[in-house]
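Fit chain B to the known structure of chain A by using the hints.
Protein chains: 2
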Amino acid sequence: MYNPKHFEQSDLSVVSALIEHFPLGALVTLQSGALEANHIPFLLRGDLAAGGKLIGHVAKNNPVWQLASADAECMVIFQGPSAYISPNWYPSKQIHHEVVPTYNYAVVHVYGKLSISHDPQTKLEVVDHLTAMMEAGSKAPWGVLDAPAGYIDKMLEAIVAIELSVTRVQAKWKISQNREDRDRLGAAKGLASEASSPTAPHMARMIEAKTGIGQP
Amino acid sequence: MYNPKHFEQSDLSVVSALIEHFPLGALVTLQSGALEANHIPFLLRGDLAAGGKLIGHVAKNNPVWQLASADAECMVIFQGPSAYISPNWYPSKQIHHEVVPTYNYAVVHVYGKLSISHDPQTKLEVVDHLTAMMEAGSKAPWGVLDAPAGYIDKMLEAIVAIELSVTRVQAKWKISQNREDRDRLGAAKGLASEASSPTAPHMARMIEAKTGIGQP
Chain A
0 MYNPKHFEQS DLSVVSALIE HFPLGALVTL QSGALEANHI PFLLRGDLAA GGKLIGHVAK
60 NNPVWQLASA DAECMVIFQG PSAYISPNWY PSKQIHHEVV PTYNYAVVHV YGKLSISHDP
120 QTKLEVVDHL TAMMEAGSKA PWGVLDAPAG YIDKMLEAIV AIELSVTRVQ AKWKISQNRE
180 DRDRLGAAKG LASEASSPTA PHMARMIEAK TGIGQP
Chain B
0 MYNPKHFEQS DLSVVSALIE HFPLGALVTL QSGALEANHI PFLLRGDLAA GGKLIGHVAK
60 NNPVWQLASA DAECMVIFQG PSAYISPNWY PSKQIHHEVV PTYNYAVVHV YGKLSISHDP
120 QTKLEVVDHL TAMMEAGSKA PWGVLDAPAG YIDKMLEAIV AIELSVTRVQ AKWKISQNRE
180 DRDRLGAAKG LASEASSPTA PHMARMIEAK TGIGQP
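Residue numbers (numbering that gives the first Met the number 0), protein chains in the order written: chain A, 0 to 215; chain B, 0 to 215.
Just so you know, these hints were derived from the structure itself, not from any lab.
Please read all numbers here as calculations on a predicted model, not as lab measurements.
Treat the hints loosely; a few may be bogus.
You can't tell identical chains apart in this list, so a pair holds if it fits in one copy or across any two.
List time: in silico DSS-like cross-link candidates among lysine-lysine, alpha-carbon distance up to 27 Å [unchecked claim]:
#1 Lys92 x Lys209
#2 Lys112 x Lys171
#3 Lys112 x Lys138
#4 Lys4 x Lys153
#5 Lys171 x Lys138
Here chain A stands alone, though its shape is the one from the complex:
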């Protein structure tokens, strides 16, 4: 990824938070010479660095797990908040008009080696951890034990646990941090008043704070 120094996000806690809040990753693989992607909710275990892991599961009918190989490096793409930035929002536009539009976004690419497990206990743990993460905001969180054991066993039969062992991470935060302060804050204000995307409020907060994942 083209990632100029001023857009690089090296704070791994901030990068991890993006994955936590936007967990649907696009797992990109090369299958018989063709690019493929499967969209899978992932949970980060450990640090987002070599040694850390992204865990998830796929349908047993999804051939992607059969291609898991110790040799090939896969990539998981996480897109966080993104929004169009209009030049109209820059106060400097009123003065010199030397402004053009841009598109802000925060994205993470996690590279790693894919491994799989058919072990029922491993699959149950993956499902249990993912569910706990997803239900964390609920007043009465659903848990795997809420379903009949025989039913869960049958469901586990139909999935395969996957794990991406992290080899490297790329993170790009294109959040107007390269603009002068008045234009940067103008962009945040513009997004807050004329949302250009569903994640515009998140992006507005990121622009203001110059970091974070921008929970509104």
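For chain B alone, coordinates are given in the frame of chain A:
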């Protein structure tokens, strides 16, 4: 992409609308044997089928355009609305408890051949069309002619126009259309009341309508 028949979205007008509303694509390429992705706002010209084109631009400093080759097939991933679906929202849970969580999403993969242009007129047209699309919702849309011509010329110098000639398209709408009606509508209601993601309101509308991109 693993895409069971009941999740396939074959209505190209609906698929095109997703790209229009979620235009930030992840352009995936293979560079020196490694998977790479660059995030680029795209505009669809023509039909989303062989012969159609996705147009955009990248910084001249971004090496991705140097790898444009007539031979390699690239992929652009567009992620639309997505949201976690809690089993708590299914009325059938109260009866038999045989339910598990899932994650809904609508995604499009556009495959094609990448070509580029350094021609100033072509670059100006790309920038002009993209800007018109992005500013369409504004009361006083900014246009390229609002900036000094010499400044725009300088900006155009720094970019390269890119074009993806579409070869094939994959679209997966995982929007609870495989659930019985009461559970499907329960999921929509659950998302509307306990948003599990920024695009949850969009997903709720898609679930209700069984199609579309779900503008709330």
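Intra- versus inter-copy proximity for Lys138 and Lys112 (alpha-carbon distance at most 27 Å)
For Lys112 and Lys138, the Cα distance exceeds 27 Å both inside one copy (37 Å) and across copies (49 Å).
Status of Lys171 relative to Lys112 across identical chains (alpha carbons, at most 27 Å)
For Lys112 and Lys171, both the intra-copy (22 Å) and inter-copy (25 Å) Cα distances are at most 27 Å.
Which holds for Lys4 with Lys153 at a C-alpha limit of 27 Å: within a copy, between copies, both or neither?
This pair counts as between: shortest inter-copy Cα distance 22 Å, intra-copy 49 Å.
Given a CA cutoff of 27 Å, do Lys171 and Lys138 count as a within-copy pair, a between-copy pair, both, or neither?
Cα proximity of Lys171 and Lys138: none, with 34 Å in one copy and 31 Å across.
At most 27 Å between C-alpha atoms: does Lys92 with Lys209 qualify within a copy, between copies, both, or neither?
Cα proximity of Lys92 and Lys209: one copy only (21 Å, versus 44 Å across).
Violated hints for the displayed structure, listed by number in ascending order: 3, 5.
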